[in-house]
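Counting in my numbering, the sequence shown runs without a single skipped number right up to 540 at its last residue.
Hints are computed from structural coordinates only; laboratory data are not their basis. Wrong hints could be hidden among the right ones.
[Said to hold, decoys possible] Pairs of lysine-lysine, DSS-like flavour, derived with a Cα cap of 25 Å:
#, residue 1, residue 2
1, Lys-350, Lys-320
2, Lys-460, Lys-368
3, Lys-10, Lys-72
4, Lys-348, Lys-378
5, Lys-290, Lys-221
6, Lys-250, Lys-219
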Amino acid sequence: MLKKIKLGKRSGLKCMVCFEQISEAIKFSRNGHVPIADGIRCDGKRELMRIVDHLHSDAHNAARKADENQRLWLTQADKHPWVKILKNHESEIIKNLIELAVDVHNDSKVLTLSANSWPSRSLSKMHANAQIASYGEHGLDSKFASFKQSSSAVHYKNPVIYREMLDTVAEITMESVTNELKIAECFTLQVDGSIDKYSIDNKFITARYLDKNKVMKNIFLGESHSSKRGAEGLLDSVIIVLKNLNLEHTATQNMTGLTTDGESANTGKKSGLWVRFQEHLKKEILCIWCVAHRSDLAFGDLQTSIVEVKNWKSNVKAVATFYRSSAVRIEELQSISKQSKNKYYRSPEHFEVRFVQHLIKLSESVWNNLKSIRTHWNSIITNTSGNKTEKSVAKGFLNLWKEGGDQEYYTALMMDILYQFEKLQKEGQKSMTTLCDIETTKTAVLASLDIIKTNCFPGGKEEGLQNLQCDVELEYEDDNDNNIRTRTIRNSYVSTKRCVLSVKNEIILSSIEFLQQRLNCEQKSKSVDSNYS
8 MLKKIKLGKR SGLKCMVCFE QISEAIKFSR NGHVPIADGI RCDGKRELMR
58 IVDHLHSDAH NAARKADENQ RLWLTQADKH PWVKILKNHE SEIIKNLIEL
108 AVDVHNDSKV LTLSANSWPS RSLSKMHANA QIASYGEHGL DSKFASFKQS
158 SSAVHYKNPV IYREMLDTVA EITMESVTNE LKIAECFTLQ VDGSIDKYSI
208 DNKFITARYL DKNKVMKNIF LGESHSSKRG AEGLLDSVII VLKNLNLEHT
258 ATQNMTGLTT DGESANTGKK SGLWVRFQEH LKKEILCIWC VAHRSDLAFG
308 DLQTSIVEVK NWKSNVKAVA TFYRSSAVRI EELQSISKQS KNKYYRSPEH
358 FEVRFVQHLI KLSESVWNNL KSIRTHWNSI ITNTSGNKTE KSVAKGFLNL
408 WKEGGDQEYY TALMMDILYQ FEKLQKEGQK SMTTLCDIET TKTAVLASLD
458 IIKTNCFPGG KEEGLQNLQC DVELEYEDDN DNNIRTRTIR NSYVSTKRCV
508 LSVKNEIILS SIEFLQQRLN CEQKSKSVDS NYS
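Starting from the given sequences, assemble the full structure and let the hints guide the process.
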């Protein structure tokens, strides 16, 4: 309790209880000071009387009680009042916490329910358990049990506690992740950005690594954002995650690659993330351009170089906009589909899919609803009380999307081609894909495009269209088309309406060429100009 200390050349005593519980002792002291907690002289009768008076003072007694309670709490003794209360409700609290931990961990694995939806799900489960207990006690003919839980039972059922538990689960999990990466043979990072509804540019960092058994694994390291701009902010976001996980030193030794999209802030040759991160690590690593983003650039090149593809896409989007802008038209189209016993396919939202997948879903919606859409356009035209502008638009659509017309054929052809792009992009978006897998998929996609060039793709939309129109001969030759409009005499050999076979041939050849250009595997100096993951 009292400890002998040296005060210069003299001896002194220090009350260790008051020293350790100084905040509690000060509350009961006369003037807010407890000198003996820091040490006082004890070489005289007067000084010894002061020490004795302190041992009987309220401040010392309060410090002694606080010290005793702390000792009891650490030993979990039943004499501590809080421990006694907690142990009386221990079973109920532990049950609630276990259920909470299991629910949170399960939600983090299946990636479905959010923190805000969790309480209602948990409370409904409690209600169901109460009803089952009522049936078990009073029989199945008993009345429906009302849900009246005590406040203590729902003490932990709120989004704040859920989030805290989720953070706890994440901390425990990330400790094991950090240890695995430290003993891994090597690892790479993937950096992807996304702006949330609060306009915060978040960067999501994932890692792939080889464990000691040479098995490749994928793990999410965390979300990060920086107040800095451009490539400097990207680098700062990655470094923040590495610092939080204590992986900075491990990265300089075992990190071998970095995958990003094609944003200039990432791929800039002089000050992009690729260059900056290699300078930070003081070594060269394999910097990779995501294949999904890279192949999407190939399709963008295709639209730019071939005007028919650009016009086809505009026409498909125009049909979707025509119906999306009017709830009445959608309702009428659904009614027509139901009457004709055809399934109605809704148009996709922009946030549902990525890259060419959105265009595929949009094309499928128009393609599968085309029969009902034509019927709806005819009903608009024949309606005597309809709007003149709407009738004019419907006539234009009906002429453009006529049965056996070029627009219908281009839709079938482009869907077959887009499926090949989608196959490549989906392979690139898999968490465990490798460069060898991408190269294999790329070879298969190019082979499929080569098949489409000479024939229809087996089981594709173009083949299905030709089977439906087997009795109708498509007018492929320019000489048989009465709607050809030529340009001026100096460009008399250039037509604004080419035959579909020549357009198809150019689309296929351009697709193959652009994919080969965008997905070639070359590394120049310290950064990869056109790589894939």
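So, going through the hints one by one against the coordinates:
{"no.": "1", "hint": "Lys-350 to Lys-320", "result": "23 Å, holds"}
{"no.": "2", "hint": "Lys-460 to Lys-368", "result": "23 Å, holds"}
{"no.": "3", "hint": "Lys-10 to Lys-72", "result": "19 Å, holds"}
{"no.": "4", "hint": "Lys-348 to Lys-378", "result": "11 Å, holds"}
{"no.": "5", "hint": "Lys-290 to Lys-221", "result": "24 Å, holds"}
{"no.": "6", "hint": "Lys-250 to Lys-219", "result": "24 Å, holds"}
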